[in-house]
Amino acid sequence: MKTIKTFSAILLTVSLILLIPSCAVNPVTGKKQLMFMSEEQEIALGAQYDPTVISTFGLYDDEELLNFITEKGTEIGKISHRPDLQFHFRILDSPVVNAFAVPGVMFILRVEFWPNLTMKLN
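Counting from 140, one number per residue, gives the positions in the sequence shown under the numbering used here.
Hints should not be assumed to be uniformly reliable.
To be verified - Cβ-Cβ distance ranges computed for the label pairs, FRET-style: (1) Thr145 x Asp189: 43 to 51 Å; (2) Gln225 x Lys171: 20 to 28 Å; (3) Ser219 x Ile143: 43 to 51 Å; (4) Thr142 x Gly212: 57 to 65 Å; (5) Gly169 x Val235: 35 to 43 Å; (6) Ala238 x Ile218: 37 to 45 Å; (7) Pro190 x Lys217: 25 to 33 Å; (8) Ile218 x Gln180: 33 to 41 Å.
Hint data in this document are derived by calculation from the structure and do not stem from the laboratory.
Predicted model, so just to flag it, every value in this text is computed and none were measured.
Note that the Cβ used here is the ideal one computed from N, Cα and C, for glycine as well.
Whole structure, please, built from the sequences with the hints as guidance.
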């Protein structure tokens, strides 16, 4: 019985030692929390996923609209909880009304989400 308690104590200690470096400050709450992915890993995952999404939907070709979205999105990003990240924007050629983000702050906007925005540019 003593061996099981000793083993459990050692296992708990080793687990805590391994988990402590994984703790990071959450930029939204300001509290420490367990992080399973570094910022670099998150960005790499987004970069890996980006071409897959583009090949699935295709890009909507409107450079003026993309520049407008990039400008406004970057302004929003600068006042977000992660202002130092570089944001990437895409407009997908899809009739589905939606917008989403993949890890690594690669935002992908579906074109039908912005009907009023296109009118503002004209």
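Okay, the hints, checked on the actual structure:
1. Thr145 x Asp189: 43 to 51 Å: Roughly 50 Å apart at Cβ, these two residues keep to the hinted range, so it holds.
2. Gln225 x Lys171: 20 to 28 Å: Between Gln225 and Lys171, where Cβ atoms are some 26 Å apart, the hint holds.
3. Ser219 x Ile143: 43 to 51 Å: At 49 Å between Cβs, range holds.
4. Thr142 x Gly212: 57 to 65 Å: Since the Cβ atoms of Thr142 and Gly212 sit about 58 Å apart, the hinted range of 57 to 65 Å holds.
5. Gly169 x Val235: 35 to 43 Å: Between Gly169 and Val235, where Cβ atoms are some 36 Å apart, the hint holds.
6. Ala238 x Ile218: 37 to 45 Å: Since Ala238 and Ile218 have Cβ atoms about 19 Å apart, the given range 37 to 45 Å is violated.
7. Pro190 x Lys217: 25 to 33 Å: holds, 27 Å
8. Ile218 x Gln180: 33 to 41 Å: violated, 25 Å
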